[in-house]
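Chemist: Protein sequences, first through last, are from chains A and B.
Residue numbers for the first sequence follow the numbering used here, so the first one is 1 and each next one is one higher.
Residue numbers for the second sequence follow the numbering used here, so the first one is 1 and each next one is one higher.
Calculated directly from the structure, the hints in this document are not laboratory data.
A couple of the hints might just be wrong.
To be verified - Below, computed lysine-lysine pairings styled on PhoX-like, alpha-carbon distance capped at 25 Å:
hint: 1; chain 1: A; residue 1: Lys117; chain 2: A; residue 2: Lys133
hint: 2; chain 1: A; residue 1: Lys117; chain 2: B; residue 2: Lys229
hint: 3; chain 1: A; residue 1: Lys18; chain 2: A; residue 2: Lys55
hint: 4; chain 1: A; residue 1: Lys184; chain 2: A; residue 2: Lys117
hint: 5; chain 1: A; residue 1: Lys184; chain 2: A; residue 2: Lys157
hint: 6; chain 1: A; residue 1: Lys133; chain 2: B; residue 2: Lys147
hint: 7; chain 1: B; residue 1: Lys229; chain 2: A; residue 2: Lys212
hint: 8; chain 1: A; residue 1: Lys212; chain 2: A; residue 2: Lys55
hint: 9; chain 1: B; residue 1: Lys147; chain 2: B; residue 2: Lys229
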Amino acid sequence: MIEYANVWLSLGDRLILKDVSFSVQPGETRVILGGSGSGKTTLLRLALGLYRPDKGTITVVGQDITGLRERDLFQVRQQMAMVFQDAALFDSLSVRENVGYRLWEQGLLSDEEIEQKALESLRFVGLDDILDKMPAELSGGMRKRVGIARALASGAKTLLYDEPTAGLDPINTCVIGRLILRLKTMGVTQVVVTHDLDTAYRVADRMILIIKGRLAFDGTPDELRACDQPAVREFLDPSSMPSEWTPSPNSNGISDEPLLRSIASPRSVS
Amino acid sequence: MPKDGVVMPTSLNLTARFFDLLLIVQEFTILSVQTVAGLVRPPWYLREIMLQLDRIGVGSLFIVMLTGLFTGMVLALQGAVQLEPYGATMYVSRLISESVVRELGPVLAALMIAGRVGTGIASEIASMQVTEQIDALRAEGTDPIKKLATTRLAACLIMIPLLTIITNCIAILGGWLVARLYLAIDSYFYWTWAFEAIQLDDIVQGLVKPLVFGFIIAMVSCYAGFSTKGGTAGVGVSTTQSMVYSSILILASDFLITKFFMAFA
Ligand SMILES: Nc1ncnc2c1ncn2[C@@H]1O[C@H](COP(=O)(O)OP(=O)(O)OP(=O)(O)O)[C@@H](O)[C@H]1O
Ligand SMILES: [Mg+2]
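Using the sequences provided together with the hints, build the complete structure.
Modeler: Here it is in C-alpha cells:
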C-alpha cells in the first residue's frame, strides 16, 4: 500500500531521516512510535508527497510517487486522508465546511449527502452540535476531533493520523482508539503516529520505532514487548533504567543542578 | 543572523545576496506562470472568486473614493496656482483629467489597494502557510495555487481597473467641487474641457496600468504569503514585504509603461 525504500531526507541543513525502509500492507494498521522530533510527522508527510525524499523511493498503491509532478500527486492524495498534528483546520471555513471539504471539492455528491456525511463523521467524534462554529471558537481537543472527522468524511481508503489522541481527555482517547480498532476490523489501511503506548499496543498490527531519524524497530506489538535492544527498552520504559542513567536527550554532561536550585531557592537569584 | 554579516567578507555576502535575489525572481516567475495557467484550466473556484471580488472591490471602494476625491481637489488648487500667471485658470479641468486618467488615478488607487488588499492577501496566505493549512489543502487534493493565488489574481484583474475608473471619476468630480467653490469656473466649461482633454491613448494607458498593477499586487502578495517561513513572526515579515515590494514595483512599472506609450504614441 505504502512503501518506504531507503528513504533519506534533510530539511534545511539537518538530516532528518536516515535510510528508513518499511511498508504498510493493505488493510493493516501500522503504528509509528518515536521520540519527539524523531521524524514521525515527516514520514507521514512523505507519504502524501508533501516532502520529497533526497534519496530512496516512496510507493503508494504500486505507484512510485517520488518523481511525480504536483499535479499528478493530487490524484494520489485523494486516496488518503491525514489528521494533522495541530488539526490544520481551514480558518475561513466553518466546522461543517471543513469536514465536508473534500466531498464538496470533488462535487460528486449532492449538498444534502455531503451534509449528512459531515454530520455522521462529527457524531462519531461527539461534536455534532458545533456544525456552524468556526475553528477559532474551538478548544484544542475539539479541533483535533474535527480534524479526525474531516479525515473520516473524506471517503479515503487510507487514513494517516498524526497523534490523534494527543491533548484529548481519557474518554475521547478511548473513543478514538475504538474508532481506529473498528476501522481496522473493516479492513481500512491506517498509519497511526502516537506517543500513547496503550493505544499503540491496542490498535497495531505492526509497529515501527524511529529513533533520531533511524528505524530502530519494525515488527509486531509482541515482538516489540520482547525486544531487548537497549535503545528500544530505553524508549519503552525509561523509568526502569538504572538511576545513574540520564535520558539521552539531555545527556550532554552539563549539570542541570544550578537551574533547578535557582527555581527551588526561596529568594530568586538575580 | 547578524553573525553571518560580520564573519562573511562583504563581497561574498553580496554575491550570496545576488543569488538569493535570483532565486526569488525565479520562484516568483514560476508561481506567476502557474497562477496564470490556473486561469485557463478548470476548476475555477467561482465561489472563491466571488468572495474575493467582494473583499477587494466592495472593501476598497470607500478608500479609493476618498483618495480620488482629495487628489482631484488638491490638483485643482495646485493647478490653478500654476495656470494663474498665464490667465488659464479655467482650463484647470484639462490638467486634472489628463493627469488623473494617465497617472495619478491608477497609481494612487493601486498604492491604496496594495496597502489594503495586498497585505490582506499576504497575511492570510502566510498564516495558512505557518499553520499547515496550505499543506492540509494539498493533502485534500486541492491545488493551493489555483485555489488561493489564481482566484485572487482573477479578482484583482477585474476589480482594480474598475476601482481605478471610479477613482478617476471621483477625482475629476473633486476637482469640479474646488473649481466651483473656490475658482469660480463655469461647470459646463469645466466638464467640456475635462472630457475634451482625454484622448484614446490616455484611456488605453489608464486601463493597461491598473491591469499591470493588479497583477503585481496579486502576485507579490501571494508570493510573499506562500514563501513565509518562521512561524507567526514570519507572517509579519511577509505582510510588510508584500506592501514594500508591490509599491516599488507599481512605481517602477508605471515609469516603464509611460515610457512605452510615449515611444509609440
Ligand atoms: N520545515 C522544517 N525545516 C527544518 N527542520 C524541520 C522542519 N520540519 C521539521 N524539522 C525537523 O525535523 C525533525 C523531525 O520533525 P518531525 O515533525 O517529523 O518530528 P516528530 O517525530 O513528528 O516529533 P513530535 O513527536 O514532537 O511531533 C525535527 O527535529 C524538526 O526540528
Ligand atoms: Mg510530529
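Chemist: All hints are to be evaluated individually against the structure, with a verdict given for each.
Modeler: Status of each hint after checking the structure:
1. Pair hint A:Lys117 plus A:Lys133 holds up; C-alpha atoms about 17 Å apart against a cutoff of 25 Å.
2. At most 25 Å may separate the alpha-carbon atoms for a hinted pair to count; A:Lys117 and B:Lys229 exceed this at roughly 36 Å.
3. About 9 Å separates the Cα atoms of A:Lys18 and A:Lys55, which keeps this hinted pair within 25 Å; it holds.
4. Proposed proximity of A:Lys184 and A:Lys117 is supported: the alpha carbons are some 20 Å apart, at most 25 Å.
5. For a cut-off of 25 Å, the pair hint linking A:Lys184 to A:Lys157 stands: about 11 Å separates their Cα positions.
6. This hinted pair checks out: A:Lys133 and B:Lys147 have alpha carbons roughly 23 Å apart, not beyond 25 Å.
7. At most 25 Å may separate the alpha-carbon atoms for a hinted pair to count; B:Lys229 and A:Lys212 meet this at roughly 24 Å.
8. Proposed proximity of A:Lys212 and A:Lys55 is supported: the alpha carbons are some 18 Å apart, at most 25 Å.
9. For the given pair, B:Lys147 sits about 20 Å from B:Lys229 by alpha-carbon distance, which is consistent with the 25 Å threshold.
Hint 2 from the list above is the single one not met by this structure.
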